[in-house]
Amino acid sequence: MKNLMLIGGTMGVGKTTTCQQLKYKLTNSVFLDGDWCWDMHPFIVNDETKRMVMNNIIYQLNQFIKCSAIENIIFCWVMHEQSIIDEILSRLDLTDCHVYCISLVCQSSILTERIQKDIDLGIRKQEVLSKSLERMDMYENLQTIKIDVSSLSVEEAADMIFALIKQD
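Offset between the sequence shown (1-based) and our numbering: plus 101.
It is worth saying that the hints were derived from the structure and are not from the lab. Hints are not guaranteed to be accurate.
Here are the simulated distance ranges between beta carbons [unchecked claim]:
(1) 210 - 128: 33 to 43 angstroms
(2) 199 - 231: 28 to 38 angstroms
(3) 228 - 199: 31 to 41 angstroms
(4) 168 - 219: 26 to 36 angstroms
(5) 196 - 227: 42 to 52 angstroms
(6) 194 - 128: 15 to 25 angstroms
Glycine included, every Cβ here is placed at the ideal spot set by N, Cα and C.
Start from the sequences, fold in the hints, and give me the full structure.
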């Protein structure tokens with residue numbers, strides 16, 4: 102059986118860094134960040150690019166699922182609506198896969214701190230902060246396991262996900 106982890110969360114919550122850590126804790130693992138599937142300049146969001154990114158994600162995840170060398174597949178993306186998660190899952194071959202849908206959440210003051218640090222370093226633009234804060238509440242309505250990372254280090258957050266996977 103393979104493990105497929107869909108790890109969502111608003112921008113700046115720590116998805117990528119947590120998943121990078123988790124990749125090294127799990128054996129025969131691979132990590133895909135959904136943002137890598139449409140890393141373009143200028144960044145264009147329209148119906149065509151949304152279809153493209155979803156097709157890219159589905160293709161890549163299905164390739165990982167088919168690969169006998171891979172046991173643990175970690176995918177992270179914003180995934181702020183249940184329909185996004187549902188579409189991804191409906192288009193994957195999940196035969197012999199344990200699926201874990203997880204949302205990383207945190208307090209708004211912590212999120213603001215984290216994103217402001219990135220803005221100050223020139224890693225993110227100012228508008229990301231308001232967009233990210235607006236989406237925070239959407240995660241409460243998702244059919245996912247919620248992990249509050251407000252007071253967790255990246256290592257602790259990865260350990261929590263690792264423990265979830267290993268108890269099955």
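Would you list, in rising numerical order, the hints stated earlier that this structure does not obey?
Hints that this structure does not satisfy do not exist here, as all of them hold.
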